[in-house]
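Residue numbers (my numbering), protein chains in the order written: chain A, 1 to 354; chain B, 1 to 354; chain C, 1 to 354; chain D, 1 to 354.
A portion of the hints provided could be inaccurate.
In this list, chains with the same sequence are indistinguishable; a pair is considered to hold if it fits within one copy or across any two.
[Claimed, not checked] Below, in silico cross-link-like pairs of lysine-lysine (DSSO-like), each with a Cα-Cα straight-line distance of 27 Å or less: (1) K164 to K251; (2) K350 to K43; (3) K319 to K199; (4) K146 to K350; (5) K43 to K271; (6) K168 to K251; (7) K146 to K353; (8) K113 to K99; (9) K168 to K113; (10) K66 to K99; (11) K199 to K303.
Quick caveat, the hints were computed from the structure, so don't treat them as lab data.
4 protein chains.
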Amino acid sequence: MAGNSFGNIFKLTTFGESHGEAIGGIIDGCPAGLSLDLEAIQKEMTRRKPGQSAIVTQRKEEDEVKFLSGIFEGTTTGTPIGFIIENTDQKSKDYSHIKETYRPSHADLTYDKKYGIRDFRGGGRSSARETACRVVAGAIAKQLLKDIRITAYVSGVGELMLEKHYSKLDFKTIENNPVRCADPEMADMMEALIRNIRKQGDTVGGVVSCVIENVPVGLGEPVFDKLHAQLGKAMLSINAVKGFEFGSGFKGTRLRGSEHNDLFNEDGSTKTNNSGGVQGGISNGQDIYFNVAFKPVATLMQKQQTINKDGQTIEMQGKGRHDPCVVPRAVPIVEAMAALVLADFWLLNKLSKL
Amino acid sequence: MAGNSFGNIFKLTTFGESHGEAIGGIIDGCPAGLSLDLEAIQKEMTRRKPGQSAIVTQRKEEDEVKFLSGIFEGTTTGTPIGFIIENTDQKSKDYSHIKETYRPSHADLTYDKKYGIRDFRGGGRSSARETACRVVAGAIAKQLLKDIRITAYVSGVGELMLEKHYSKLDFKTIENNPVRCADPEMADMMEALIRNIRKQGDTVGGVVSCVIENVPVGLGEPVFDKLHAQLGKAMLSINAVKGFEFGSGFKGTRLRGSEHNDLFNEDGSTKTNNSGGVQGGISNGQDIYFNVAFKPVATLMQKQQTINKDGQTIEMQGKGRHDPCVVPRAVPIVEAMAALVLADFWLLNKLSKL
Amino acid sequence: MAGNSFGNIFKLTTFGESHGEAIGGIIDGCPAGLSLDLEAIQKEMTRRKPGQSAIVTQRKEEDEVKFLSGIFEGTTTGTPIGFIIENTDQKSKDYSHIKETYRPSHADLTYDKKYGIRDFRGGGRSSARETACRVVAGAIAKQLLKDIRITAYVSGVGELMLEKHYSKLDFKTIENNPVRCADPEMADMMEALIRNIRKQGDTVGGVVSCVIENVPVGLGEPVFDKLHAQLGKAMLSINAVKGFEFGSGFKGTRLRGSEHNDLFNEDGSTKTNNSGGVQGGISNGQDIYFNVAFKPVATLMQKQQTINKDGQTIEMQGKGRHDPCVVPRAVPIVEAMAALVLADFWLLNKLSKL
Amino acid sequence: MAGNSFGNIFKLTTFGESHGEAIGGIIDGCPAGLSLDLEAIQKEMTRRKPGQSAIVTQRKEEDEVKFLSGIFEGTTTGTPIGFIIENTDQKSKDYSHIKETYRPSHADLTYDKKYGIRDFRGGGRSSARETACRVVAGAIAKQLLKDIRITAYVSGVGELMLEKHYSKLDFKTIENNPVRCADPEMADMMEALIRNIRKQGDTVGGVVSCVIENVPVGLGEPVFDKLHAQLGKAMLSINAVKGFEFGSGFKGTRLRGSEHNDLFNEDGSTKTNNSGGVQGGISNGQDIYFNVAFKPVATLMQKQQTINKDGQTIEMQGKGRHDPCVVPRAVPIVEAMAALVLADFWLLNKLSKL
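Bound-form chain A, shown alone (with noise of 0.2 Å):
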């Protein structure tokens, strides 16, 4: 009710501030007997983590979760799986300059306003620290999900956009780039802007698109909790997003139904996805694809002019330590929301018939 939690079966709540003592969460409906590989865990937190590669923020946090409850011998137990994630690299004093102050495009002001109180440190629970937890999850999502492969990527940074069909990338070299661009040339081209506009004290946005493998049909609870608008929901709860699009997407929008129809095959499987591997919103078994679009990182290392709590107006400068564009973080995030759904919807589908 008070958002911050998602989903229905496989459900997340979590807690914690950029700057308290720990971040952390519970997974309640995770079911019994799934062996956990918590080393794979902990590298999607790795893939996460700041400091990762020179063009991402270096805020030092090993981000190692611990968990405390829900496990035993290395399975679930079909109880709650308590985790907490601390915050070693806190650095309050950081933050003190803007106690007073709404930086432009955060959510200093609409915090303040809502709650009437505001923990100013690092943005306190607004802040993108908070997605570790939905990483923690999301990894144990994806073990649950066995054979359905979701992998993310960058697609844009800033006017640079990568046009290529996911079928003609080599996801295998997702990795090999700070960027996570699934191309390699244009991961190079991405890199080299974002290392410019880092120079500058600027910020960029970009495009993460995912593609989901393997799913079974008949995932997903209409009429309101489609596959599609509960992925959506995932995506936007993500911290800079502005827009999701699945399959054929705002583009789809052009077309006429002749061209737009997805024609059968005779085994079910369609000659065409511009539905994105969902009709009606359930998953009809052909991929899943969708945009992720991140607006960019509000904080900048430049002077900007801005008001206090009094209205006044005061200049400021960002301290600290910023990601200069957020997506290449941000693909584990897309990745693990996606995750979240998938796992939810799969174990609600078994309660569909009898």
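Given the structure of chain A, go ahead and fit chains B, C and D onto it with the hints provided.
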């Protein structure tokens, strides 16, 4: 859980198939003491109903909503509002030809596989007829929201895109043309395009834009139930929707932070509004605006190849009465879903602080 | 949230006032493929309906349930099951005398204060008429549960208490007497008592006992949604209920652990069943049994002092047609609520382990 | 869904096993701006903790709660409150003897069958240790409820029943005796009984009564989430609880309506309070009072026959440190659960009318 409810506090649950006796719903959580304008509700129904103009489906439904509870002497009582809308124009035989057939880019196959049974008459539950119930609930939500003004309009039909900023449009013109475009000249072109496409037995997609004015600060429940995340889910749950973007949207991904940041005025309002009225998942008091992408209708009045339940290739052609383009009738649905989201968050926000 | 839904997966939402046009509900989450025996549903309705015998209210309602969706050719489709029951015997004028009056031990004052408005006709939403919808849903739940046998019966009317263990009773006799007591001799005495009390214009309380046989191990979701906790809530949500105990109940508090513990047989069954079929909130395969306490009906056919809205003392006397004792008609309601709880947990339990 | 959350708005989710590293929880939905008295919270923990007197278990736990989020400079921020309580006295080896054993009247068999795996150390999740988290959340709820006074006390131990009406008791004496009985004389007898039973290696059940004073009119959400129904569920979800009754309870079933009805005073209060402060599921402003039945603890310091996983009969005897009677330590848990229910409904009730 099974997907037919929307909202937390102001909660709509719907039922009904396209060709059953009636569809309907229950609104639970509408506060007592709201004096309802029943005519205004019916007026919204009329904006959505079939047969309203030459460019929409000619199915004949009065779409008269009948309230069964929760209203006493014109005022809400705080108890659940039950309502039904009769299906007066059920022509089940129209659909006998698709009993064994999976229509391309419809939900026939996915429903059949998920549930093991399918009410094939007119798409059954997957028909957009279900959205009539959303319009009822949305119309009540609008009355609850009083001064918050929600305006949707058609901004794209096929390749015709209305690029003007919404502040340049005269919203009063929207209901003056059958397309519900907010620009009369563009409206004429769009209408001509739709008529032309209909003649070919084809269909076309489009875009609905929505602007919400006079929004109080504080709506939205991060970190998962962010205002724009819930708006996105609401829109994506509407039949035929393929994408959602708010504020700067996908275009915003190409900007630099120094271009994208919305600087504050001294009263806390912002000089620009790339944020689309939402910061950190909470309304900031600026206008909320977003775009919703609709695919072309899948039912064509042309011959198409498809398969039947046994996987045999057959040829089919749409019969009955279908929309060549859904966006004109989608306008009130977009508004209704936006109203549901806002009403829910408006109520929840009363509990944010002591 | 606003309290008119029950269940997690198999979820009932109801609407309707005693004297509106109709009451009804939506069952969301019933799996597809359940072939429904509609006569059996109607039969449950008949067990609850007014006018069925000389010792219950003489209000005349056919209580014919009309299904509007979710069933196709006699089988559930997995989509929400919408239904209505018309109020054919609405006599609103019967209640004009209480328009301004708060009846003692009714919900008149509390509804008025909570909502600021009251549908005074027959108690409005607070009337037990609402339980008809529970019986519809419970009857469907019963069919879903197949071999699980739920049997309720009257075990107390006023000072008359049936102390025999349920294994000594012949459940086949329950429907042979208007009291629905499982012991013919006691049934006669109870009937005589109720007739006598009715003559005096008075009312009396009673106890309904319920036994659930053939329950699989594993139902219930600790730590909060324990099987008996949800059963307790279900029963306490029925009008006029004042208490719930299961297994050894209140008497069990007086025993020593060495007397109370249920020792195991080698097959995992237990030699005694003080646990009432539930251990740690999860069914253990033994019979579940519990008692539900009902207070005497508040509407008397005697003069009583009370107050009106302005706080003035007035004298009133019940008019209309009321039950002198609710327990005979409560029997099918208790069964229905038990069925709803079990169906919900039976579905959820499919997700407990891989 | 998976049963580890309680509440709608003020929502507690817990995790943790008896012998894991820590237990903990998340409170989501506590409004911002509540200035917390952390000492008062810890004091509630101390009332529940083991080792507090000679008649309770001697397990040594400091039960120090550590808040990780949601509180800034002593005040709630509206973001989720995460907390943990370390298990400092984990002695896992104490339990190796029950690894393969199903203890009578414990949840060993049911957890094992439901989940296919069991954390056998100290009952794992089914241990009452979990209730420590409820006390944390309840203590915060109490502070939110301010003037509403919730008082629980022991009214029964075995055959010793305190029959005095609560208005005749001096609640200040409750914490003066280790039994937490509100009558000093009875307290002495109860303590003697418990000591005697402990010597025999046996255990005994009991009753906790609870009185809630100064309750505003309007709490409760009919028709399913009636105030007393949710209170009943809350109590029944506590380990070892077998029954719940409020107001006149089971005894009320024997009364006539003319005896049971609570006549009004002119100010809307009632001359009697058989209703127990609730009418139609909504608080009426009178005192709420109820009784909760607890069974005797299942772990005996005597030899008992039981079975192991393979269905072989074996003999066992409780080791470790167990309570001979749970009711003294259950008192703060009953209060905590009552506080959770009231806080939730107190918040929800703000939305009942415009």
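For each hint, the structure was consulted:
no. : hint         : result
1   : K164 to K251 : both (15 Å within a copy, 19 Å between copies)
2   : K350 to K43  : neither (30 Å within a copy, 31 Å between copies)
3   : K319 to K199 : within (14 Å within a copy, 61 Å between copies)
4   : K146 to K350 : both (16 Å within a copy, 19 Å between copies)
5   : K43 to K271  : neither (37 Å within a copy, 42 Å between copies)
6   : K168 to K251 : both (19 Å within a copy, 25 Å between copies)
7   : K146 to K353 : both (22 Å within a copy, 15 Å between copies)
8   : K113 to K99  : within (14 Å within a copy, 44 Å between copies)
9   : K168 to K113 : neither (48 Å within a copy, 30 Å between copies)
10  : K66 to K99   : between (31 Å within a copy, 25 Å between copies)
11  : K199 to K303 : within (14 Å within a copy, 58 Å between copies)
Consistency with the previously given hints fails for numbers 2, 5, 9, ordered from lowest to highest.
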